[in-house]
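The working numbering numbers the first residue of the sequence shown as 1 and each following residue consecutively.
Wrong hints could be hidden among the right ones.
Stated by the list, open to error - Label-pair restraints from in silico Cβ distances:
# : residue 1 : residue 2 : range
1 : 98        : 52        : 14 to 24 Å
2 : 212       : 144       : 28 to 38 Å
3 : 227       : 57        : 53 to 63 Å
4 : 227       : 28        : 19 to 29 Å
Said to hold, decoys possible - Under the rule of at most 16 Å between Cα atoms (straight-line distance), these lysine to aspartate or glutamate pairs were calculated in the EDC-like manner:
#  : residue 1 : residue 2
5  : 25        : 128
6  : 152       : 250
7  : 152       : 232
8  : 25        : 79
9  : 277       : 128
10 : 76        : 128
11 : 63        : 85
12 : 133       : 79
13 : 133       : 85
14 : 152       : 175
15 : 129       : 85
Calculated from the structure, these hints are not laboratory results. Glycine included, each C-beta is placed from N, C-alpha and C at the ideal position.
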Amino acid sequence: MNLKHILVAVDFSTYAEKVLGAAIKVAEGRSLHITIVHVASQQALQDSCPDYQAYRSRLDELKTRLTGRLEPLTRKAPDLGFTFDVSAGDPAADHILELAEELNAGMVVMGSHDQEDQSSFGEGSVSEKTVLKSPVPVLTVHASAVESTVRKILVPVDFSPHSHEAAMIAGRICEQLGIRMVLMHVVEREAFPRSLKPGIRIHLEEGGLHRLIAREVQDFVNEIGDPGVVEDVVVREGIAHREIGRYVEENEIDLVVISSHGLTDMVYVDLGSVAQKVFRWSPCSILTLKR
Numbered sequence: 001m002n003l004k005h006i007l008v009a010v011d012f013s014t015y016a017e018k019v020l021g022a023a024i025k026v027a028e029g030r031s032l033h034i035t036i037v038h039v040a041s042q043q044a045l046q047d048s049c050p051d052y053q054a055y056r057s058r059l060d061e062l063k064t065r066l067t068g069r070l071e072p073l074t075r076k077a078p079d080l081g082f083t084f085d086v087s088a089g090d091p092a093a094d095h096i097l098e099l100a101e102e103l104n105a106g107m108v109v110m111g112s113h114d115q116e117d118q119s120s121f122g123e124g125s126v127s128e129k130t131v132l133k134s135p136v137p138v139l140t141v142h143a144s145a146v147e148s149t150v151r152k153i154l155v156p157v158d159f160s161p162h163s164h165e166a167a168m169i170a171g172r173i174c175e176q177l178g179i180r181m182v183l184m185h186v187v188e189r190e191a192f193p194r195s196l197k198p199g200i201r202i203h204l205e206e207g208g209l210h211r212l213i214a215r216e217v218q219d220f221v222n223e224i225g226d227p228g229v230v231e232d233v234v235v236r237e238g239i240a241h242r243e244i245g246r247y248v249e250e251n252e253i254d255l256v257v258i259s260s261h262g263l264t265d266m267v268y269v270d271l272g273s274v275a276q277k278v279f280r281w282s283p284c285s286i287l288t289l290k291r
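Please put together the full structure from these sequences, using the hints given.
Structure (structure tokens):
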């Protein structure tokens with residue numbers, strides 16, 4: 001990723017500092033600018049403000065509140081440039097992506113609320129819609145993140161070019177942070193159709209499948225750059241997003257790096273749909289990459 005500008009979208013929830021802290025961590029060692037924005041509901045503002053002057057005053061009030069809360073954190077990163085902004089737009093996800101395009105931002109960083117969260121940012125739906133629609137990588141910081149430090153990275157792979165790119169980027173993050181990552185492939189039986197058409201059956205022996213995956217894994221590791229950044233390779237059988245979530249919980253993973261577009265042929269599970277489910281249910285922060 002050739003980052004020069006990061007857009008950080010925050011609300012006034014209890015972990016806005018964690019979201020900005022994660023963006024600052026990404027920016028460490030780089031010469032770039034961070035724009036911190038809060039997107040308010042335009043309709044809600046119009047309904048609550050009797051005239052345009054009151055509307056503008058409310059936006060200014062929100063900006064003052066945002067700056068006062070998060071500016072102390074920016075002082076800890078004097079080498080970076082920061083801009084605070086508050087704007088109004090509906091739907092919020094579309095407005096965030098419009099701002100990202102205007103700023104030529106190479107990444108969006110935002111919070112990922114729990115499904116039960118009823119905050120002003122939208123029950124988690126704003127972040128999910130942003131991830132689904134964004135043409136640039138989106139880092140969603142989970143509410144349970146203790147701090148912005150990343151110690152363990154998991155990269156789900158399906159051996160597609162897109163998951164290869166995800167592993168390459170995760171590898172560079174590992175080199176920057178001095179850590180190692182785990183590659184994970186999940187074999188989903190549903191990905192293997194029982195027949196191509198009536199009368200034609202597919203028989204895949206267990207040993208043959210395991211040998212195929214072993215070769216794919218070895219080739220994949222050899223191609224991602226420095227194999228030394230790979231701590232372990234995990235292969236599991238089951239429902240992909242559930243196995244990924246289970247591994248994250250069992251091993252206290254801090255960050256999942258995943259491509260939103262995977263192979264869709266008869267052999268490998270489509271990581272596009274898996275990425276969406278992982279985003280919804282994974283108990284850690286996620287960096288979602290786009291084709």
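Evaluation of the provided hints:
Our hint of 14 to 24 Å for residue 98 and residue 52 holds, since their Cβ atoms are close to 21 Å apart. For residue 212 and residue 144, the hinted distance range of 28 to 38 Å is satisfied, since their beta carbons lie about 37 Å from each other. Between residue 227 and residue 57 the beta carbons are some 58 Å apart, a value that agrees with the proposed interval 53 to 63 Å. Evaluation of the 19 to 29 Å hint for residue 227 and residue 28 yields a pass: the beta carbon distance comes to about 25 Å.
Between residue 25 and residue 128 the alpha-carbon distance is near 22 Å, which puts this suggested pair outside the 16 Å criterion. Proposed proximity of residue 152 and residue 250 is supported: the alpha carbons are some 12 Å apart, at most 16 Å. Using a Cα cut-off of 16 Å, the hinted pair residue 152 and residue 232 holds, with the two alpha carbons roughly 11 Å apart. Restraint check for residue 25 and residue 79: the C-alpha separation of about 12 Å stays at or below 16 Å, so the hint holds.
Taking the CA atoms of residue 277 and residue 128, the gap is about 10 Å. The hint holds against a cut of 16 Å. Our distance criterion of 16 Å between C-alpha atoms is broken by residue 76 and residue 128, whose separation comes to about 30 Å. For the hint linking residue 63 to residue 85, the alpha-carbon distance of about 6 Å falls within 16 Å, and the restraint holds. Of the supplied pair hints, the one linking residue 133 and residue 79 is violated, its CA atoms being roughly 31 Å apart against a limit of 16 Å.
As the CA atoms of residue 133 and residue 85 are separated by approximately 22 Å, the hinted pair breaks the 16 Å bound. The straight-line distance between the Cα atoms of residue 152 and residue 175 is roughly 12 Å, inside the 16 Å bound, and the hint therefore holds. A distance of roughly 21 Å separates the Cα atoms of residue 129 and residue 85; the hinted pair therefore is violated under the 16 Å criterion.
Of the numbered hints stated above, those contradicted by the structure are hints 5, 10, 12, 13 and 15, listed in ascending order.
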